[in-house]
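Chemist: Listed below are the residues making up each chain.
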Amino acid sequence: MADKFDAIVIGSGVSGGWAAKELTEKGLKVLMLDRGVMVEHGENYDYDGKPAYEIPARDMMPKALVESDYFIAKHGYISPSNQKFYNNDRLNPYAYGEGEKFYWIRPGAVGGKSLIWGRWSFRWSPEDFEANKRENVGIDWPIRYDDLAPWYDYVEKYIGVSGSRENLPQLPDSAFQPPMQMNIAEKWVKERLEATSPGRKLINTRLSNITEDKEDQGRTKCQFRNQCGRGCSFGAYFSTQAVTLPAARATGRLTLRSDALVSNLEYDPKTKRVTGVRVVDAKTKQAEVIPARLVFLCASALASTQILMNSRIPGSGKSHFDTSGTLGRYVMDHIFRVGISGDIPGMTDYIEYGRRPGGVYIPRFRNVGGEEGIGFRRGYGYQGSARRDPAQPVGFGASMKQGMRGYGPWKFGMGAFGECLPYEDNRVSLHPDKVDRFGVPLMRFDVTFRDNEIRMMDDARTEGEAMLRKAGLTNVRSERREHVPGDAIHEMGGARMGADPRQSVLNKWSQAHDAANLFVTDGAQMASISCVNPSLTFMALTARAADYAVKQMKAGTI
Amino acid sequence: MIIDRRDALAGMAAMFGASLFAPIARAAGAQVPPISDGPPSAPVFTAQQRALMTALSERVMPTTDTPGAITAGVPAFIEKLLADWASPDDRKPILAGLDTIEARSQADYKVAADKATPAQQDALLTLAMEDKLPGGKDFFDKFRQLVLTGYFTSEVGITQEREYLPVPGRYDGAYLYSEVNKVFSS
Numbered sequence: 001m002a003d004k005f006d007a008i009v010i011g012s013g014v015s016g017g018w019a020a021k022e023l024t025e026k027g028l029k030v031l032m033l034d035r036g037v038m039v040e041h042g043e044n045y046d047y048d049g050k051p052a053y054e055i056p057a058r059d060m061m062p063k064a065l066v067e068s069d070y071f072i073a074k075h076g077y078i079s080p081s082n083q084k085f086y087n088n089d090r091l092n093p094y095a096y097g098e099g100e101k102f103y104w105i106r107p108g109a110v111g112g113k114s115l116i117w118g119r120w121s122f123r124w125s126p127e128d129f130e131a132n133k134r135e136n137v138g139i140d141w142p143i144r145y146d147d148l149a150p151w152y153d154y155v156e157k158y159i160g161v162s163g164s165r166e167n168l169p170q171l172p173d174s175a176f177q178p179p180m181q182m183n184i185a186e187k188w189v190k191e192r193l194e195a196t197s198p199g200r201k202l203i204n205t206r207l208s209n210i211t212e213d214k215e216d217q218g219r220t221k222c223q224f225r226n227q228c229g230r231g232c233s234f235g236a237y238f239s240t241q242a243v244t245l246p247a248a249r250a251t252g253r254l255t256l257r258s259d260a261l262v263s264n265l266e267y268d269p270k271t272k273r274v275t276g277v278r279v280v281d282a283k284t285k286q287a288e289v290i291p292a293r294l295v296f297l298c299a300s301a302l303a304s305t306q307i308l309m310n311s312r313i314p315g316s317g318k319s320h321f322d323t324s325g326t327l328g329r330y331v332m333d334h335i336f337r338v339g340i341s342g343d344i345p346g347m348t349d350y351i352e353y354g355r356r357p358g359g360v361y362i363p364r365f366r367n368v369g370g371e372e373g374i375g376f377r378r379g380y381g382y383q384g385s386a387r388r389d390p391a392q393p394v395g396f397g398a399s400m401k402q403g404m405r406g407y408g409p410w411k412f413g414m415g416a417f418g419e420c421l422p423y424e425d426n427r428v429s430l431h432p433d434k435v436d437r438f439g440v441p442l443m444r445f446d447v448t449f450r451d452n453e454i455r456m457m458d459d460a461r462t463e464g465e466a467m468l469r470k471a472g473l474t475n476v477r478s479e480r481r482e483h484v485p486g487d488a489i490h491e492m493g494g495a496r497m498g499a500d501p502r503q504s505v506l507n508k509w510s511q512a513h514d515a516a517n518l519f520v521t522d523g524a525q526m527a528s529i530s531c532v533n534p535s536l537t538f539m540a541l542t543a544r545a546a547d548y549a550v551k552q553m554k555a556g557t558i
Numbered sequence: 559m560i561i562d563r564r565d566a567l568a569g570m571a572a573m574f575g576a577s578l579f580a581p582i583a584r585a586a587g588a589q590v591p592p593i594s595d596g597p598p599s600a601p602v603f604t605a606q607q608r609a610l611m612t613a614l615s616e617r618v619m620p621t622t623d624t625p626g627a628i629t630a631g632v633p634a635f636i637e638k639l640l641a642d643w644a645s646p647d648d649r650k651p652i653l654a655g656l657d658t659i660e661a662r663s664q665a666d667y668k669v670a671a672d673k674a675t676p677a678q679q680d681a682l683l684t685l686a687m688e689d690k691l692p693g694g695k696d697f698f699d700k701f702r703q704l705v706l707t708g709y710f711t712s713e714v715g716i717t718q719e720r721e722y723l724p725v726p727g728r729y730d731g732a733y734l735y736s737e738v739n740k741v742f743s744s
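Protein chains in written order, with my numbering: chain A, 1 to 558; chain B, 559 to 744.
It is worth saying that the hints were derived from the structure and are not from the lab.
Among the hints, erroneous ones may be present.
To be verified - Simulated crosslink set (PhoX-like; lysine-lysine; CA at most 25 Å straight-line):
#	chain 1	residue 1	chain 2	residue 2
1	B	K700	B	K650
2	A	K50	B	K740
3	A	K187	A	K201
4	B	K700	B	K673
5	B	K695	A	K74
6	A	K157	A	K26
7	B	K695	B	K673
8	A	K214	A	K157
9	A	K214	A	K270
10	B	K668	B	K695
11	B	K740	A	K411
12	A	K63	B	K740
13	B	K673	A	K63
14	B	K690	A	K187
15	A	K74	A	K272
16	A	K434	A	K411
17	A	K63	B	K668
18	A	K508	A	K470
19	A	K285	A	K434
20	B	K650	B	K673
21	A	K508	A	K101
What the hints assert, rightly or not - Covered stretches of chain A, going by a simulated chain B footprint (3 or more residues, C-beta under 8 Å):
#	region
22	26 to 34
23	49 to 56
24	163 to 170
25	177 to 184
26	314 to 328
27	389 to 399
28	403 to 416
Only a predicted model underlies this, so the values are computations on that prediction, with no experimental measurement involved.
Even glycine gets a Cβ: it sits at the ideal position worked out from N, Cα and C.
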């Protein structure tokens, strides 16, 4: 029987969009599935460019609606202007209860998290791919930085990443568009911080917001509205809708289905191949199995893991793809809830014109260049910015109103993102008896931070305060709030890659050890998580895997 | 049918665990509830309370060289927010504070507080601000925040009191405040 589609891509986010683009451009007929609602570029960005008074509830989520329907999404950045892009936690729940605390912040629309992501885009470093082996932590990555470098180049040139060249070994430069400028106060902090904390740097953010037009893609450079999460009709930031979906559609070989939930993969143990994808229509609940020669699973780290776990050997409950016994394990998320702030003296004649997305970045400085004996492994970086808020006079009446026409002092704030180590018993699993409205077992979480993460958070707080004080900021203060895993929305792992099929789910091509025609190219494959944002690396890994998969198809091995 | 609904709720509760039963019970259904727009689903204030709330909102954010709270539609915003967007508990300190101010006005000025002079209303608000009325500071802080939120999310607040740049088009991180002498709307 001839397949109607050469390949099925499950998920349409950062990874799925890239898979669809690459596979269609290489000649394959592709079906891309997303469980969420359709959102067309421009047409369905309902609140793009609108002021608060033209947005329901002045763009503040009604409390009752948050409690009833978005009790997990509230830990993300949901508001009425982007509500459509988020998961409804009542309709699509997971097992969230005592001992299962995890914030699984999911999207609910075509484009996935590419519509609502933070857009900070960094290459991972050679160290990130080597540390597991050197420290004997987790499993050795089966790839190195050099395997990925040309693919970073490839995706960066296409999507457009703005940033500055810094020549830092722990943070390799991308193929950059010009950076967004620092404001006058950030320049002040940079100068003093780098002078008083030798070896540490404060640099421009690296952001998937373009600073030069990409006319061939119909994309206009960033207009400094900083309302990216509502969708951007200018196409100024990377999203599936603005970047990869138009490319895939232009081939004439893409079929995109929204409201299409994948419950599991069908598998033939004799041939060790995925034979099809079981899809449930989210509106009618009608299920069907769609055959495919090749499957790219890009449903997000933990949703992909869920689909793999729910593809079970009849009568056994064990996944077809878990020969290694590692499926669902080594789940990670960045440490996140450490914040430091301080006041910057002077420069009160100046304010910001325009609303710049992003900010500034202090790259990792711990455990680089032979530094040892600091009590924890790996490291962290800080994302921050300087700004002036409107003045906050007390009281009421005309004098208060007049006072509010001015600005308060410049303030600098930053938060640490740090690396969490892979632990075998940080795991997700299928609930034994609770299922969702499509009959799919709910996901359960058993993920906690350990001593290394706690020490790192303490260090990030102490060092951050000390750096800002030495740089001359005043009123420096910090906080370390409870960090529930998932909170950073950088969840990764669950189907790690590795050279040994007995210890990993995927090989060095993001290809399942147990099925040659199955590739998992989202965050599930990560064997460690660096301390920098991961999406750019998902893109590079996806493009690399698509290239390999199509070559293997042409060679007849898939 | 009631029995079907109860079964459905029990099933949902089993999924989430009992701790989440209450919110789900309010919104079990296959659709996402829309955000309520338009007039309040039910009145929050008595006519007297509404008149006082309206008058006090204007005292907090008065008309000067730009319009004040009333022109900006702040009173309607506050009632809508308390009716449909905030939690029911959020009404309590506002309603209690208005009643306390009303009683104090009757005692001190022998006049309904909404009919008191602006100077008398300012004096009453100051008593609340300085916590010289029962629950006064709690009321003042929350009411003031409601007024400011309503005002600075209104068309008046965004486009007249502040400077609105729908599409700034560029970024200047060292722009002279004296070029605008206002705050840019976010």
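Chemist: Decide, hint by hint, whether the structure agrees.
Modeler: Here is what the structure says about each hint:
no., hint, verdict
1, B:K700 with B:K650, "holds (11 Å)"
2, A:K50 with B:K740, "holds (21 Å)"
3, A:K187 with A:K201, "holds (12 Å)"
4, B:K700 with B:K673, "holds (23 Å)"
5, B:K695 with A:K74, "violated (29 Å)"
6, A:K157 with A:K26, "holds (18 Å)"
7, B:K695 with B:K673, "holds (22 Å)"
8, A:K214 with A:K157, "holds (10 Å)"
9, A:K214 with A:K270, "violated (48 Å)"
10, B:K668 with B:K695, "holds (23 Å)"
11, B:K740 with A:K411, "holds (19 Å)"
12, A:K63 with B:K740, "violated (32 Å)"
13, B:K673 with A:K63, "violated (34 Å)"
14, B:K690 with A:K187, "violated (47 Å)"
15, A:K74 with A:K272, "violated (42 Å)"
16, A:K434 with A:K411, "violated (48 Å)"
17, A:K63 with B:K668, "violated (39 Å)"
18, A:K508 with A:K470, "violated (45 Å)"
19, A:K285 with A:K434, "holds (18 Å)"
20, B:K650 with B:K673, "holds (23 Å)"
21, A:K508 with A:K101, "violated (32 Å)"
22, 26 to 34, "violated (count 0)"
23, 49 to 56, "holds (count 5)"
24, 163 to 170, "violated (count 0)"
25, 177 to 184, "holds (count 5)"
26, 314 to 328, "violated (count 0)"
27, 389 to 399, "holds (count 5)"
28, 403 to 416, "holds (count 4)"
When each numbered hint is compared with the structure, violations occur for hints 5, 9, 12, 13, 14, 15, 16, 17, 18, 21, 22, 24, 26.
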